[in-house]
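*Asks:* Since each chain sits alone in its own frame, please combine them into the complex, following the hints.
So the chains spell out like this:
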Amino acid sequence: MALKSVSEELSGCTDAALINEWHAVAYSTDIEKGNILPLTLLGRDLILWRSDSGEVHAWDDLCIHRGARLSKGCIANDTVVCPYHGWRYDDTGSCVLIPAAPDEKPMKKAHAITHSVQEKYGFVWVTYGKPAKDIPPFPEWDDPEYQKVHCGPYTFRSGYRAVENFMDPSHFPFVHAGVNGIYDCPDPIPPYDVEMTENEGLVTSEVRVTQPYGDPREIPVTAYYAYKCLRPLVSYFKKRLVIQRPEDQHLGNEADRFCTFLTVQMVDEKTSIVRICCATNFDPQPTEAEVRRRQDIVYAQDSAIVDTQRPERIPVDLRQELHHRSDLLGQKYRKWLQQLEITYGVL
Amino acid sequence: MCSKQSIYRATVSAKVAAGRDIVLLTLVPEAGDSLPVAQAGAHIDVHLPDGGVRQYSLLSASPYQIAVKNVRDGRGGSRWLHDDVREGDVLTIGTPRNNFSLRPDSSDVLLLAGGIGVTALLFMYRQLTGQGRNVHLHYWIKSSADALLFDQLVGLEHVTLHECGGRVVSMRSLIAQCPAGTDVYCCGPTRMLEEFASITRDLPPEKVHVERFAPVVTADGVTDRPCHLKLARSGMEIEAEPGQTLLEALIAAGVDMDYSCEEGLCGACETRVLAGQPLHLDTVRSPAEHDRLHTIMPCVSRSRSDELTLDL
Chain B
1 MALKSVSEEL SGCTDAALIN EWHAVAYSTD IEKGNILPLT LLGRDLILWR
51 SDSGEVHAWD DLCIHRGARL SKGCIANDTV VCPYHGWRYD DTGSCVLIPA
101 APDEKPMKKA HAITHSVQEK YGFVWVTYGK PAKDIPPFPE WDDPEYQKVH
151 CGPYTFRSGY RAVENFMDPS HFPFVHAGVN GIYDCPDPIP PYDVEMTENE
201 GLVTSEVRVT QPYGDPREIP VTAYYAYKCL RPLVSYFKKR LVIQRPEDQH
251 LGNEADRFCT FLTVQMVDEK TSIVRICCAT NFDPQPTEAE VRRRQDIVYA
301 QDSAIVDTQR PERIPVDLRQ ELHHRSDLLG QKYRKWLQQL EITYGVL
Chain D
1 MCSKQSIYRA TVSAKVAAGR DIVLLTLVPE AGDSLPVAQA GAHIDVHLPD
51 GGVRQYSLLS ASPYQIAVKN VRDGRGGSRW LHDDVREGDV LTIGTPRNNF
101 SLRPDSSDVL LLAGGIGVTA LLFMYRQLTG QGRNVHLHYW IKSSADALLF
151 DQLVGLEHVT LHECGGRVVS MRSLIAQCPA GTDVYCCGPT RMLEEFASIT
201 RDLPPEKVHV ERFAPVVTAD GVTDRPCHLK LARSGMEIEA EPGQTLLEAL
251 IAAGVDMDYS CEEGLCGACE TRVLAGQPLH LDTVRSPAEH DRLHTIMPCV
301 SRSRSDELTL DL
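Chains as they are written, first to last, in my numbering: chain B, 1 to 347; chain D, 1 to 312.
Only chain D is shown next, with the shape it has when bound in the complex (with noise of 0.2 Å):
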């Protein structure tokens, strides 16, 4: 059962390394208190002491776990669960959400991760193996040492590690071997779900998962690039100043647009984009299904290139 609560504290009861630049924090609920029931698949929210809020899928539910990678190039979350938390320290989390969940009547399921992504495969890896399901886990790691949890990966059934520099070579054949009707799973990097969405394109829709966290943060800078919009069928050309939305830049020219939500969760702007180079910021579609389909949501997203020519 869900819970309408939505947000809770938690106390780390534990803290150990589980990796390189990966620990994992146990989270216990306060005394008297309870969490609510989670499934595999579920992330949740940690509130950060400034204000700004980071999404960890849970690696188990009772006690909560989650895996942290350090990313010293981040925005700071997962350096200060790092560096400045420790053990007996209170923590403010939100409750449990899955858009990840394992359908329950899969006969077959392939789980594919990289990364610190293995988290929730590994949740659901341990579920599916404990209902004595069918069930595959491949991990695509660097090295050992950059693995989560290695020595307790290696060496188990029904559980592969591929140490591939970095490179995700063998997924294509994977998922082409697997038997029609199995469920594929996968989380990792961008580009590793990139990769995946393409291999997967003509797979049945409801066989195919993936977890993406969102919206999808970019390097700082490119956000408050200049953009210069051209717009095919009006002939208009706009400027997109720094710190304003393409969506806003067209709007103020009195372009009549259909939009709705402005942050890139609807759908409602998406726009065919005839050249330029977009950087997909929303989670209506994934980067590749945009590129596909040459289309752009304006409200978040951007331009790689200096220019971007509109079917508007």
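Here chain B stands alone, though its shape is the one from the complex (with noise of 0.2 Å):
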């Protein structure tokens, strides 16, 4: 008989596109020394934990021993305690005590299951395989010029669909009537190109729309947007903007660019978090504040629709909805999801 292993048991998504893949699953703020983050990433279970050398650690959320949850214990000397019979691993994931018998040296096999972690752009991002690409560019997070706002979290149902919204211009004077466009005069969408690229995936020429309020300032503005669906679960934008009126001209400038790097944390096939975080250059720059307050709004617009969709998980052959030219960029993620023979959390 053949024997199902805990670890099979418990491992949630198998496809191979996603495993080997970085995962955003927190901002690094949520991470402190002392305390235990537990999660969950494409079904499984998972803790973070920060050791006092500042390095976060992304370990299943089990005991090796008898299988008890790691997130129900605590932090004590730089090592993660389990709440069940004290075993206390170090930071490389060994267990430096068993207090049954304190005098013997624990077993090898007595080690956390560790996954790889690393931090950027003030993201926790973890993956369990060997990802072929790095984490992929956001080149604002490195220039000065720009302010960078963290937004989030905002929970989704699917991932998939989060992402293709995000992604998706003709729904602005719907979704968003009065802020992202005008719903009694939605633009419309002139043929875009999308092409595919090696690191950067998908990406868009401009898109233009008339936003009347589409930015922190609160002024109608003309945006185009240029996307980039830099992998499965993550995209990007960057949006030029022109301010409309000449008497709001004084509130920006010609190089004014608001971009926005989106994360999705699938959690299973039917639940996601998405992190965001916004980039922008204006002169003058908008708070921080004003930047999340207008975000929380969008994106809370988005999920009261997007969660509405059916079915969850995302049908990825492209006769089973229906789709316009207008969507081409959302064709070309279905299409491409299917090619990399995704089959968690789609149709």
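Don't take every hint at face value.
Unchecked claim - Think about it this way: if two alpha-carbon atoms lie no more than 20 Å apart in a straight line, the pair counts; the simulated EDC-like pairs of lysine to aspartate or glutamate are:
#, chain 1, residue 1, chain 2, residue 2
1, B, LYS270, B, GLU218
2, B, LYS332, B, ASP248
3, B, LYS332, D, ASP311
4, D, LYS207, B, GLU254
Honestly, the hints are just simulated from the structure, not real lab data.
*Replies:* Here it is in structure tokens:
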């Protein structure tokens, strides 16, 4: 009889394309020394903790001894202490103390199940596998001209539908009426190009839309969105803004850009957490509170509609839903998921 | 503001000749009613008595005016408007739609018109000059008699009429000469639009604007031709029968295809063409763009050659 291992039983998603990918699972500021942060990624339960060295560690939320959750334990002397029998694991994941046999050296197999972690752009990124590509580029992060503001987290059901929605300007007049578009006068979306690139995924030409208060300045702008779907669950846009009213011109200038770097943590097939970082080089810059207030409104409007989309598992075969030329980026996105042979969360 | 109502009734308040085989129809709302506000570049649907619908660009929006060229070998819409419709008749029309709107922020604007395609551009020209904006309209005509409103246009500032006998030869140099950042708008016959697409290929896409009425209608007989399809990857050979789309033939033969709208509007079924001459009938890409990319939308497009080899 084939024996199913504990690891298989608890592993969740098994798609190579998702396993061998970096996933943003927290903001760096979420992980404080002395605390354990439990989370779920792709159906698998993890803990994050920061050791005295400053490094973040991502382990299975599981004591190898009898399977108790380490997240119910605590941190003591730079070790994670299991709540059940007090086994202690150091920052390499090795068990350093079995209190029931304090003088014995713990066996080699007494080791936490560890995963690779990176901190980048203010997010904590975890992978279960060996990603062929590094975390995708976010050039504004290293550009001191840009103010960076992390917003969220925002919960969505389908992570893929959240990404697709992020890259879809034709919903603006309806879902974000009066904010990102005008309900009674939606912009026609002119044809735009989508190109598949090696490291930046799907890249579009600019798409023009009218926005009655398209950014934290809360003034009418004409916005030109250039999208990059960098990875299946990481997307980005750079928005060029032209202030419409002559009397508002002093509130900005031609070089102003609004960028958003969006990450999705797929908790499971029907639960996701969106975290974003907005980068602006406005002159003058909006306050962080102004940026956040507007993003909170927009993403609440998005999730209210996106979470009604059925089925939650997105159909990647284009025959299953109806598409239009203006949805070309979404079409290419679904096609990409299909080509990556992703089965988790898709239909 | 756009209106959600989609059908209006409008009275033809004037019908006047405006060039050889061109009439200018002025449309006013029926008493007590109003027509939606329209912007330069917009077009309206005109419903025909046989249930058909044709699109005409607006020459002005207050009142609505459309210029109609009588296409004698066309499908009958323009012939009906020319021969049968009279002042006082009531037409059923649709809400103005605009796929060809002016960018509000452009500094310099170049308008390139051919034939009856000048209608939308003349509306834009009047609006832009009214705003004191930097604009130049070039209008290619076979002869002065063939132009729309020749007497009004001749001698106008920032308007150049090119009597070219039907060939648009000077477009490339005009586009090359315009300052960087100029917004270029073009509307005219298919051949002019194809040439325009190839000339402007390397310009930023947001600066290039084309009005194209869709779906493209072919001369009778072309869509009824059978076509032999060779599928390069699978080695299959399939006959698309008259009256059957290429996509239908592929699906019937069991080919696993992406498709969605089945009307040439979405782009899902885009397929690479390895040999043969497609006849492009979709509105997702221009024919010139398709030919450059070697692609076809088999849900509506057909073949000029007896055989097409597809990358399937």
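*Asks:* Each of the hints needs a verdict: does it hold here or not?
*Replies:* Hints, one by one, checked against the model:
For the proposed pair LYS270(B) and GLU218(B), the alpha carbon gap of about 34 Å is over 20 Å, so the pair is violated. For the proposed pair LYS332(B) and ASP248(B), the alpha carbon gap of about 38 Å is over 20 Å, so the pair is violated. For the given pair, LYS332(B) sits about 18 Å from ASP311(D) by alpha-carbon distance, which is consistent with the 20 Å threshold. At most 20 Å may separate the alpha-carbon atoms for a hinted pair to count; LYS207(D) and GLU254(B) meet this at roughly 17 Å.
Of the numbered hints stated above, those contradicted by the structure are hints 1, 2, listed in ascending order.
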